[in-house]
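**Student:** Here the protein sequences come in this chain order: A and B. Going by numbering that gives the first Met the number 0, the first sequence opens with residue 0, and the numbers climb by one from there. Going by numbering that gives the first Met the number 0, the second sequence opens with residue 0, and the numbers climb by one from there.
Treat the hints as calculated values from the structure; they're not laboratory data. Each statement offered as a hint is correct.
All copies of an identical chain are treated as equivalent in the list; a pair is satisfied when it fits inside any one copy or across any two copies.
Straight-line distance between alpha carbons at most 27 Å, and here's what the computed DSSO-like set of lysine-lysine pairs gives:
#1 K183 - K14
#2 K152 - K21
#3 K21 - K183
#4 K21 - K157
#5 K352 - K389
#6 K347 - K89
#7 K321 - K183
Here the structure is a predicted model, which means the values were calculated and not measured.
There are 2 protein chains.
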Amino acid sequence: MQAYIYDTSCKSFRKGRFSFGKTFLSVSFENYDEEPKQYVIPGLIDVHMHVESSMLSPSGFSKATIPHGTTTILTDCHEISNVAGVDGLKTFMAEKTENSTFYAIPSSVPASSLELETSNASFDADEIRAFKGEPLVRALGEIMNANDLYSEKDNRTKRIIQAFRQTFPHYPVEGHCARQTGAKLDQFIASGVDSDHTEQTRESFLEKISKGMFLELQYKSFDQEIIKTIVDNPAYDGHYAFCTDDVIADVLMKEGHLDRVLRKAIAMGLSPERAIYAATWAPAVRLRLFDRGWIAPGKRADFIVLSDKDNLTIESVWVEGKKLYDRNLPYSYAVNLTIPMGLGHSIKRSPVKPEDFYLLAPNGDVKIQCPLHQTNSTMTKRHEQTCKAKDGRLVRDDLNILAEIERYGHNSPIVPIPLKNGLQGNAAICTSWAHDSHNLLVVATDEILAAKAVNTVIEKQGGICAIDDTEQIFVPLTYGGIVSVEPFDRLAEGVTKVRAFLKRHGYEATDEIMSLAVLGLPVSPELKVTDKGMVDTKLGEIVDWRIG
Amino acid sequence: MQAYIYDTSCKSFRKGRFSFGKTFLSVSFENYDEEPKQYVIPGLIDVHMHVESSMLSPSGFSKATIPHGTTTILTDCHEISNVAGVDGLKTFMAEKTENSTFYAIPSSVPASSLELETSNASFDADEIRAFKGEPLVRALGEIMNANDLYSEKDNRTKRIIQAFRQTFPHYPVEGHCARQTGAKLDQFIASGVDSDHTEQTRESFLEKISKGMFLELQYKSFDQEIIKTIVDNPAYDGHYAFCTDDVIADVLMKEGHLDRVLRKAIAMGLSPERAIYAATWAPAVRLRLFDRGWIAPGKRADFIVLSDKDNLTIESVWVEGKKLYDRNLPYSYAVNLTIPMGLGHSIKRSPVKPEDFYLLAPNGDVKIQCPLHQTNSTMTKRHEQTCKAKDGRLVRDDLNILAEIERYGHNSPIVPIPLKNGLQGNAAICTSWAHDSHNLLVVATDEILAAKAVNTVIEKQGGICAIDDTEQIFVPLTYGGIVSVEPFDRLAEGVTKVRAFLKRHGYEATDEIMSLAVLGLPVSPELKVTDKGMVDTKLGEIVDWRIG
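Take these sequences, add in the hints, and give me the full structure.
**Tutor:** Structure, rendered in structure tokens:
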């Protein structure tokens, strides 16, 4: 093949020829006269992400992202682990994928504790050791509980890091390190957690990278300040990589995957040559995958042919020397996926009734507290107001009903709470894709619609159901209640409709789908809901919404 | 500690403070007013070298190089492996050292074959597997036999690489890749051998680095062309490192170790900041040692305090937070080393007689071929001349006697050969430090002196003995016949005298000591000597020096 070949050693394109089998066998850079019409770059490597964020399992995710040039991923499968434990994750690992899928063992299952929420699994040191010898493991998934690292006492996070170090001495520990700084940050890093993929300021970027952290920059991480910091100093190359973290199915379909992150970086002023380095060789080294990320002899023949390097226009994508995507040929997203035993009927819950969603309160004035959904953040704020109660029920006015219904076979009592700034009009939405425990999260303006939405999700064994006066949308997620087994394009179409539904009913957010799903994630501020009721995440306690 | 701290992420010095235990616990970069008087950089990491080249074992070598800031090495202990096999190398590994000593398992023991030379060990796949689980192994030692890699047939080199890959999947394979280019080079690299530490031209540097090779540059590698290539393009940083390969004891004493390589690079125009990167973080990544090479939390507190960054003036050297060298305090090179059983009496040879060195030939004209020692290369050329023979012996005139006397207990017959351009005057030198089989190499202008030198080395159980009419020098190397157990400064003094002796007797070379020792290494052109006789290294055969 004759092309401008990406030369990793000097981060530049050079005219060259190469031939390949499963690995590259021969590469030469030459000064022949003809101007090549194509550019060849290594396949993209996504150093930090979660396949279930796209409502896909590894094989479906691979199919969905090959056209975008993603040939290697490290996925922290936090969601399937909450739903189905060690076995669930091992079932994912056993899936055949067209890309190279490596795994980070999730470190926070459940995200909080079994006192605050019902997940279907709990990981401690033994669960980490259960993956010993698993060749696809390449990292410990993001450590989120910084306080555990600062504590002098024995705790789950410390036990898990220690067990991982013993079981996989060569692999990195991923971090989630928002807002840590100074001596606290030093302690965080010294615990062995040396990456961060959260949003950065210029100050946090400089502090973390100079302290040896490997920084993972995602789409939302790029502002002019961060881009300028990188652009101004190529010395940082190799110490950061691009990643996707969470990409919802419809966004993936319309805008792309890791290629979308690169395009944004390039559009904001980073050279394509340096952007490519941050999505190929830099993440390869981070993942200790020295067999890829470079167009060179002995490396895997994973590469992308571009017709335009500035817009990253992808013509074809090759894995181990085999062309898996060609822009000019039809492409099928279908995968041959059989849902493993036990994960096809995972919504173990009897049908619910409208009465289950009554917000009960003594008649008269009631002072309440409840989550206030914010449009620019997935954190909620505390909302307080005084309401009336009549017939033993709260008069809700514009307040929504918010509940998470336990679905792992305990038929636990339902504990609905109010939600401020939720849906408008007559509407309900229920999703079994509800981070991180994936119980049945419901937001509704009406008890009858709430029950209807929940019962649909129970009956269909997982998915998202949105109902209003004019339509009913259903996106099936029948694999563990969180993953679609439909072809990706159909899934993306369904998610697009759900997003439109949320917007139509006044639910504003940076990402409506993700915002909804994390109303039940009790680790970010301030008030969240779980199957146990309302959680004050700062106190780490279940609290009543009726405060007077 | 307050200093200009080396910030690896941006390859620059910044004012800062840090505190440390065994690992760094806290680092901050600050804009305080005071100008620090010192610079702090990570301990130097030597990515490719051989401790026995300095006639030292790991503990003695560590003592000798700590004052030069070398805190981590990867040593390919090719010599002790030839002398004492797997057990010998494991004995090295068991030595306590003050630095971090990691090991590359040598891949070419013996250098040629047991048909051409008698070594005391032979490594194949089983010997590689014998190191399974050995935590100090970090690489397979340099693959020298490129032809084995190009061959379609099964051979020792291929078996060894495969066994290493299976036993140590995470670690690199070191290469010795002089003069390979084009498709041959591609095949060399595709075999899994992805580094090179031989001398480079600008062309070879660019070709190898762009093909994904990690380049290891040593003192003799730097010419203006190579330095300019690096200086002009900082993108290469991270894809090459500095190394020492072989440093003879007296040079180490007088000029330094890896610090000497850095000083040369800096003097030739590379910035200190980039030179430091190439001896700290770049080799750390190459060796998959992500716990060092950076002044940062969680990394080992291995660091050097400099008073001057441009001359790398070393004030103190710290390992795991402990000060091991202080320029202003006395320093002792002594190590507490007990020679392991079997390696203290390793010269198993009966005394020799002057007659053993007679160059026997039929009376009259004799046409001969013999090695011609070259002054600018360790390769020899073929020398042919016609001599007289009298009383059944060659009339040597200015020809020396060259022989290697087998010393592993076989008492094999001695096969002396002539040498052109050897010593002048009445002199003999015998060394049991004679690469790579370490039999007793002798160069002499006189048979009586030859026997005397050899018998001294036998009697003292290893070392270098140089004799002329006025003096007798002896450097004891009683550990396996190749390593000194004396304090390093005494050893260096002895080697200095041997070097002076060689010079005085007209033995010219870039490095007189190394040049002498490789007269018996039958893998580089053109005629060499082994205990079996004269080897034509191109033919790979024993040949007679009498050709007519």
